[in-house]
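Visitor: Residue numbers are given in this note's numbering: position 421 of the sequence shown equals residue 421, and the series is strictly consecutive.
In short, the hints are calculated from the structure, not lab data. These figures come from a predicted structure and were not determined experimentally. Note that beta-carbon positions come from the ideal geometry of N, C-alpha and C, so glycine has one too. Misleading hints may appear alongside valid ones.
[Stated by the list, open to error] Using 30 Å as the maximum straight-line C-alpha spacing, the simulated BS3-like pairs for lysine-lysine come out as follows:
1. K41 / K109
2. K781 / K733
3. K132 / K148
[As the list claims (entries may be wrong)] What follows is a set of in silico ranges between Cβ atoms, one per label pair, in the way DEER data are often shown:
4. D393 / Y707: 56 to 66 Å
5. F70 / H207: 49 to 59 Å
6. D393 / K610: 52 to 62 Å
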Amino acid sequence: MCPSEQMEEISSILRGINVTIMHEEYEKIISQLPTDTKYLKMVFDNIDELFACSMNGGICWLLGLLRNPFMLEISQDVFEKVANVLLKAADTMNIRKIALKCLAMLVYKTNTNHYIDSNDSECIINMIKVSKETYYVFLKYLSVLGKKVETNGILKDDSVSVKMSKIKIMASNPCVETLKVFFDLLNESDTRLGWVLCKSFVKICMHADMSMAISELKSRCKVIFANESSWINIMTILGMLALHGEDIGDVLDIVIEAGMYNNQFVHNAEMMREASLFLVWATVRGSSTFDKQLVCFSAARALLDESLSCRRAAASVVLEYVGKFPALIDQEIVSLINFHSVKRLSSCSNVVGKVMELLQSQDIFERCILRNIFHSSIEVKEQACYCISSFFDAKNAVCSIIRTNITTPSDYIGVFVLVREFFKQDRDDEVNEIVELICNIRVDSNFAKFKEFEVFVSLYVEIIEHVSGIICINDIGDTESIFENVYMFLVKNVYSIGVSRIAWMLMKSNKRFADRIFRAINRCNEGFILANARNEIHMDKVEKQYQEWLRHGSIDTKIHVMKAICFTEYFEKYEEHVLNGLEDYTTDFRGDIGAGLRMQSLVVAFMAMKNDIPTRYFVRYFVGKSKVLRDMCVAMCKECRIFVSGFEYIRQKSVYISCAEASIYNSLSAIRPFLDEFYKVFTNLLIESDKGNDEMIYMSLISALSYLDGSHHKEFVYGIIEAFGSVDASMCKMILEHAFEIREKLLPCITQILRDNTHFKCDGSDSITHNVQNNILRRIKWATVEMVVGLIQLEITYNNPIYINNYELISMVSLTTTDPFIPLGLNNAITQVLQIHK
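With the hints as constraints, model all of the structure from the sequences given.
Guide: Here's what the structure looks like:
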């Protein structure tokens with residue numbers, strides 16, 4: 001057959017074949033091509049033309065032909081020609097491995113080896129210089145075929161892919177020296193390399209002294225210290241050996257040590273626990289012996305591990321045990337673990353006691369739980385401490401804590417949480433030794449650098465408060481340590497309200513400490529301002545300082561002082577400042593920073609004022625521009641049980657609201673019909689509507705407007721105008737559309753706002769009320785005009801005129817165009833509306 005006829009036949013064979021190679025899909029291509037050896041010479045003779053026609057198809061066809069179980073005899077010229085084409089094809093990444101596999105098979109079947117060479121600087125195949133990756137992948141395939149191949153050992157500067165190839169080459173030549181090299185590689189951290197190493201290690205072990213190899217592997221699992229990867233690889237190897245039916249002996253100590261490893265400072269701690277569970281699973285799968293301790297360990301990890309993937313892996317191990325030994329394990333354990341292991345740890349805690357009862361074992365569970373006291377995660381600590389206080393005696397936990405060198409806030413938090421849980425169970429006596437330790441600790445000021453410091457302080461305060469409720473605080477351990485700790489917490493300005501409560505108790509019986517707290521008041525931080533709120537020894541000076549700050553202090557200091565006033569008994573002295581605070585709309589680069597002062601002032605107003613001022617401002621803030629204040633109004637109603645459910649997105653419970661709960665409830669009774677109607681509409685919208693929280697709140701508030709009287713109605717209008725003038729465009733549009741439905745109810749108040757303040761300029765008085773109302777009008781003037789213009793535009797759109805037919809309203813709107821400070825965009829909008837009106 002002439003060359004042209006050969007090419008025609010080759011083309012006809014490749015025609016119509018899908019030659020896109022992805023992953024392992026080349027096998028599908030090979031299955032569509034003929035593998036008769038009669039085509040081999042044709043392919044060799046036309047190799048260049050074949051690859052030019054279709055490189056992917058040509059290389060797949062060649063691989064299929066070379067798989068025939070026959071040795072080849074070809075000339076040196078043909079060999080070099082084909083080898084060069086294959087090396088060129090290896091430069092294409094998606095067919096690189098197939099090309100090198102073809103080359104390896106060609107070399108093996110022709111029994112030649114003079115073409116390869118390597119040294120420290122270069123690698124050569126068939127007189128062509130190639131990369132180390134290409135060279136060693138080729139040698140790997142050659143060794144897999146059974147040809148003896150030598151490497152120059154695994155070097156430090158070798159890439160991961162080169163190391164992987166070398167390991168596979170060495171595994172094809174099993175010997176004692178290779179096993180020694182593999183032992184030295186066990187601490188390799190790259191997971192890809194580790195997996196290849198483990199498989200190759202098992203392959204070598206099959207040709208070595210198995211018992212000696214297993215013993216050596218287990219001897220390296222004594223202490224975990226900067227050798228996590230070694231533990232992971234060893235447990236993987238032992239698991240693979242167990243799956244091969246080898247007797248790996250007792251691995252309980254290794255499994256427990258690795259399965260409870262939770263070092264937060266290493267990245268592969270979770271992988272360590274997963275490897276330990278793999279070892280348990282492999283032991284179950286490859287053995288016919290029932291090991292109850294391993295079952296208990298797996299059940300414990302399924303309920304106690306912080307990682308969901310580890311909990312699910314442990315649940316799979318338990319399921320494997322039940323499947324293999326159904327008569328030895330209660331089936332209820334499977335349903336309990338499967339249901340709870342996918343949930344939060346708090347849910348898992350609920351069934352720990354039941355699972356231990358079914359397994360009739362506590363030792364393994366207790367070991368896992370005790371280790372978790374000092375875990376880095378608060379959630380894990382809380383689960384561990386709950387389980388200890390609910391299911392175990394405190395003796396082992398107390399001994400473990402006393403033996404531990406506690407040096408960080410995270411460690412102390414675990415101890416604090418444990419004590420708190422025992423307090424909840426009314427088992428105080430069992431942890432007296434730990435409580436005494438806590439009361440005597442002198443907290444290092446460097447603890448403030450840790451992210452858990454606030455949690456640490458809050459738990460410390462909770463324990464000291466609990467203990468002081470039982471015995472006099474001056475009789476608690478080293479009282480001087482408590483004094484110093486409280487003072488340091490106030491300096492660091494952390495958990496101010498809780499620390500202040502301890503400071504109030506200490507100051508009652510210690511004048512020296514009260515003097516020290518007062519001297520620090522000029523630090524102006526929240527801690528010392530709150531701590532001095534009940535400094536009875538220096539109360540006159542404290543009140544004088546509070547008054548000065550409320551007149552001339554920064555906005556942040558005013559907020560702190562207003563919080564402190566919540567805990568005093570002299571509200572009437574601050575009434576003027578409370579009114580000013582209710583109207584504070586200070587802004588800076590942080591935004592509406594006055595919202596914090598308005599919020600605290602409202603709480604004080606509920607406590608101090610018996611008139612309708614608190615409820616009027618409550619209505620304004622409820623519908624106003626600040627989401628923080630809207631949420632606070634909802635939180636007040638939830639705290640007073642006016643709103644019995646819903647609003648789950650508001651999670652934080654404010655201690656400042658709690659201290660005024662009774663006053664808030666009594667005051668809000670004046671507008672209870674409005675709040676009840678709002679809550680009813682909002683609850684219905686939650687069920688029927690898919691709108692966002694803010695829009696549903698505004699829709700509900702607008703629906704309830706008819707339940708407000710004159711003064712509260714007016715504040716509602718002020719609030720909705722403030723919101724309209726301050727929020728983003730989408731929310732502004734939403735407010736305008738819903739306000740359009742009640743514009744008749746808004747009209748009287750809007751008209752008053754636009755009458756040049758005549759309603760409020762009664763007699764030229766400089767009273768607070770007079771100034772406050774004028775400030776309101778100035779602040780919302782342009783927002784009012786903008787809302788009127790927006791409502792008129794909607795009237796024109798829907799052909800439903802009310803505002804546009806009100807001559808007085810249109811006249812006052814047109815007069816605003818003469819104001820030199822009118823925004824340009826608003827001026828243009830007014831002009832357009834007036835032209836349409838004419």
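Visitor: Now look at each hint and say whether the structure bears it out.
Guide: Now for the hints, and whether the structure bears them out:
| no. | hint | verdict |
| --- | --- | --- |
| 1 | K41 / K109 | holds (14 Å) |
| 2 | K781 / K733 | holds (19 Å) |
| 3 | K132 / K148 | holds (19 Å) |
| 4 | D393 / Y707: 56 to 66 Å | holds (59 Å) |
| 5 | F70 / H207: 49 to 59 Å | violated (29 Å) |
| 6 | D393 / K610: 52 to 62 Å | holds (55 Å) |
Checked against the numbered hints given earlier, this structure breaks only hint 5.
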